[in-house]
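*Asks:* My request is simple: use the sequences and hints to build the entire structure.
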Amino acid sequence: GAVVSQHPSWVICKSGTSVKIECRSLDFQATTMFWYRQFPKQSLMLMATSNEGSKATYEQGVEKDKFLINHASLTLSTLTVTSAHPEDSSFYICSARDSGLAGGTDTQYFGPGTRLTVL
Amino acid sequence: AQKITQTQPGMFVQEKEAVTLDCTYDTSDQSYGLFWYKQPSSGEMIFLIYQGSYDEQNATEGRYSLNFQKARKSANLVISASQLGDSAMYFCAMREGVGAGSYQLTFGKGTKLSVIP
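Protein sequences appear in the order of chains L and Z. Numbering-wise (my numbering), the first sequence opens with residue 1 and increments by one. Numbering-wise (my numbering), the second sequence opens with residue 1001 and increments by one.
Which stretches of chain Z does chain L cover? Using the computed rule of at least three CB atoms under 8 angstroms from a CB of chain L, they are: (1) 1027-1038; (2) 1043-1051; (3) 1107-1114.
Restricting the straight-line Cα-Cα distance to at most 30 angstroms, the calculated cross-link-like pairs of lysine-lysine (DSS-like) are: (4) Lys1109(Z) - Lys64(L); (5) Lys64(L) - Lys1003(Z); (6) Lys41(L) - Lys1112(Z); (7) Lys1073(Z) - Lys41(L); (8) Lys66(L) - Lys14(L); (9) Lys66(L) - Lys20(L); (10) Lys1109(Z) - Lys66(L); (11) Lys1003(Z) - Lys66(L); (12) Lys55(L) - Lys1003(Z); (13) Lys1003(Z) - Lys1109(Z).
Since the hints were derived computationally from the structure, they do not count as laboratory data. Where is the CB? At the ideal position from N, CA and C, for every residue including glycine.
*Replies:* This is the structure we're talking about:
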């Protein structure tokens, strides 16, 4: 159980275009999802917390107009990188919070990540 | 000050041997949770084990165990009988407090484990 999918797994786009990344919890409902960014050989950096039915909470320094987050259902959150530039190239990884109400521990389960390359 | 400290950037272990990955944490909260995740080269973050601050016994999950020393604020991961597939980055993470704001995790910088045949 506790499977999170992420799509696409990799994407190459031209500078100035927008890219949408989907994060789905497949076997549990997630009222809270998280979006992280990871640079090579570094740890995960939290970008924003996505709550179902409300606006996302962005971490300091993350441009909310550039990284649009939508959490329209209990199993889907999307991150749209608008007007992407080469400096946005990175590994983006989402997680979904399993509150553990159905048993188990309140835990974040991660998707497989999306490698974005902006040319 | 860093909330999660992993002092070992890289570790080597012989196949079939046990290895301990260090993690210390800093919090003033009484209620918190500690997690270990494994990240192979594919990039996926795999949840390994969880320890709650009020748990009296050390968590175990198959070949993984967490050596929780609350007074020392350490939560070391022990992997027994290492396998080649254990080669990966390992991240220690903490969730602090209770309530909505407590859902976030703070990650350490990670330890790269290499298992030698």
